[in-house]
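Q: Listed below, chain by chain, are the residues.
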Amino acid sequence: MRLLPPIPDRLKPAPKRPGTAAPQKPLELVQEAGISAVDWIDERTSLSGGLRWLLFRKVPKGTNWFYTLGSATLFAFLSQAVTGVFLAMYYRPDVAGGAYESVRYITNYAFLGEFVRGMHKWGSSVMVILVFLHMARTFFFGAYKYPRELNWVIGVTLLILTMVMSFTGYLLPFDQRAYWATIVGVNINGTGPLIGPYLSDFLRAGPEFGATTLSRFYAIHMLLVPGLIAALVGAHLYLVAKLGTTAPPWLKAEHKEPELEAKAKA
Amino acid sequence: MNQAEKEQYLREYNILKSQGKPFFPYAVAKDSIMAVFVLVVIIVLSIILGAELGPKADPTTTTYVPRPEWYFFFLFEVLRVVKPPALTPFATIGVPTIAMILLFLLPFYDRSPERRPERRPIATTAGILTIAAMAYLTFLGASAGSPNQVDLKAPKDLHGTALAQFNAGKLVVGQSGCLACHKIGENGNDGPGPELTHVARDVPQNAIAQTLRNPTAPMPSFKRLATQQPQKFKALVFFLGQLK
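Protein chains in written order, with the working numbering: chain A, 1 to 266; chain B, 1001 to 1244.
Note that these hints are calculated values from the structure, not bench results.
Some clues are possibly wrong.
[Said to hold, decoys possible] Ranges between beta-carbon positions, derived for each pair:
1) A:L54 <-> B:E1012: 19 to 25 angstroms
2) B:R1116 <-> A:S36: 50 to 56 angstroms
3) B:F1090 <-> A:A253: 46 to 52 angstroms
4) A:Y109 <-> B:F1108: 49 to 55 angstroms
5) B:F1108 <-> A:R52: 32 to 38 angstroms
6) B:F1108 <-> A:A231: 30 to 36 angstroms
7) B:R1116 <-> A:E28: 53 to 59 angstroms
8) A:A14 <-> B:E1012: 35 to 41 angstroms
[What the hints assert, rightly or not] A short, non-exhaustive set of chain B residues, derived as facing chain A with CB atoms under 7 angstroms:
9) L1016
10) K1017
11) S1046
12) K1056
13) E1069
14) L1087
15) A1099
16) I1101
17) L1106
18) P1220
Ideal Cβ positions, reconstructed from N, Cα and C, are used throughout, including at glycine.
Using the sequences and the hints, build the whole thing.
A: Written out as structure tokens, the structure is:
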């Protein structure tokens, strides 16, 4: 296991003092039980190696606050997922009036309803901004270059999926603004070459905006695209951990060889 | 990048990485602070701005101007910049599709080993120009007026029921959000749709009705209005038919 990064010294358990007897204090017993539980899981999953690989890998020095934009985007996505689950507990994708009524119920009557809906609504704006900032950082620092090309492609796919999320989510409150903006949006899709008209028909569940259009948007918004995003984020993070966080482009590696040569001459 | 440059990069990177600090707890601490900051921003936005719910969706009238979420404004504005109807598909799908393909393939056509932004003048300039263009288009989209009223005076030769019909139609135009994309007299946005101030000069009234029922995308269809509220639809067609 030489490939695994070392555990930082501060996190290593202190060696037992010589002469201390077997654990007797309750706290020590609990600690012992915890360790044996973790051992039990690790014996069956071998997770500790992967976790150590993920957590104790080194990050080049000089990484600054710009490097937190990716994890901030992920956090905004998680916030959207949690608030979205609570909204889904009340929402009904019913064109006949149920959808609008359920959103009205959330906004006006449900406990903290407007607050959670506001977090979901504005969280989407925050997530889109963070996605673009994260992309700008990657672009200007040249971080998409060898060997991270594939991670850039996954990232662009995630950007498009984020836009799909906000487009499908916009219809769900089913008020005037949502309805008409979506009609125009779907019509714009329809002007696309080759697949455009088929894409519009797929989104509308037919040639006209109908009874199942809303449930279709709902299914895309809360099942299909979030699943895809979660899976691709997993791949994105795996590649980040495997290839390592990029160093700032201005940083040059200090070569130790000239010093060594000088020493050898002396 | 050729093989030597690739190996050179990996060597340099491995040195830099070995001089770094472990991800946990150093990077995790920064990420956590950023996460708390993001959560606070979302909560503050939610408390201050809330979540308004407009009037219930009504397929027969659009008292609301069709407006996307603000971060789609720049896409919507491309429609407005490109005027000729023949080029509309180019603006709606062509430009975004080309931009997306360019974005996807970026690492495959930008193959130079240089990573410092000041030594990659083309990439850096292109990036800054793209951001500036998107910001400008978003600003245009945000500041574009969305008036729901037409100030046009009725022609002098209209009297009685014709005049009433004209004014009723004017109201429907205001309610239907036509002005989001069409200019009529002094009101409305000039684009993405064509100006309608003199639409009846070239297009006869029944052709206008036909277009309202089966418009060219992205304009929404008024078929539902025609079947469910034929009075309003008739007034709308009459009004547009008088714009000479």
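Q: Now look at each hint and say whether the structure bears it out.
A: Here is what the structure says about each hint:
{"no.": "1", "hint": "A:L54 <-> B:E1012: 19 to 25 angstroms", "in the structure": "holds (24 angstroms)"}
{"no.": "2", "hint": "B:R1116 <-> A:S36: 50 to 56 angstroms", "in the structure": "holds (52 angstroms)"}
{"no.": "3", "hint": "B:F1090 <-> A:A253: 46 to 52 angstroms", "in the structure": "holds (47 angstroms)"}
{"no.": "4", "hint": "A:Y109 <-> B:F1108: 49 to 55 angstroms", "in the structure": "holds (53 angstroms)"}
{"no.": "5", "hint": "B:F1108 <-> A:R52: 32 to 38 angstroms", "in the structure": "holds (35 angstroms)"}
{"no.": "6", "hint": "B:F1108 <-> A:A231: 30 to 36 angstroms", "in the structure": "violated (23 angstroms)"}
{"no.": "7", "hint": "B:R1116 <-> A:E28: 53 to 59 angstroms", "in the structure": "holds (54 angstroms)"}
{"no.": "8", "hint": "A:A14 <-> B:E1012: 35 to 41 angstroms", "in the structure": "holds (37 angstroms)"}
{"no.": "9", "hint": "L1016", "in the structure": "holds (4 angstroms)"}
{"no.": "10", "hint": "K1017", "in the structure": "holds (5 angstroms)"}
{"no.": "11", "hint": "S1046", "in the structure": "holds (3 angstroms)"}
{"no.": "12", "hint": "K1056", "in the structure": "holds (5 angstroms)"}
{"no.": "13", "hint": "E1069", "in the structure": "holds (6 angstroms)"}
{"no.": "14", "hint": "L1087", "in the structure": "violated (11 angstroms)"}
{"no.": "15", "hint": "A1099", "in the structure": "violated (11 angstroms)"}
{"no.": "16", "hint": "I1101", "in the structure": "violated (10 angstroms)"}
{"no.": "17", "hint": "L1106", "in the structure": "holds (6 angstroms)"}
{"no.": "18", "hint": "P1220", "in the structure": "holds (5 angstroms)"}
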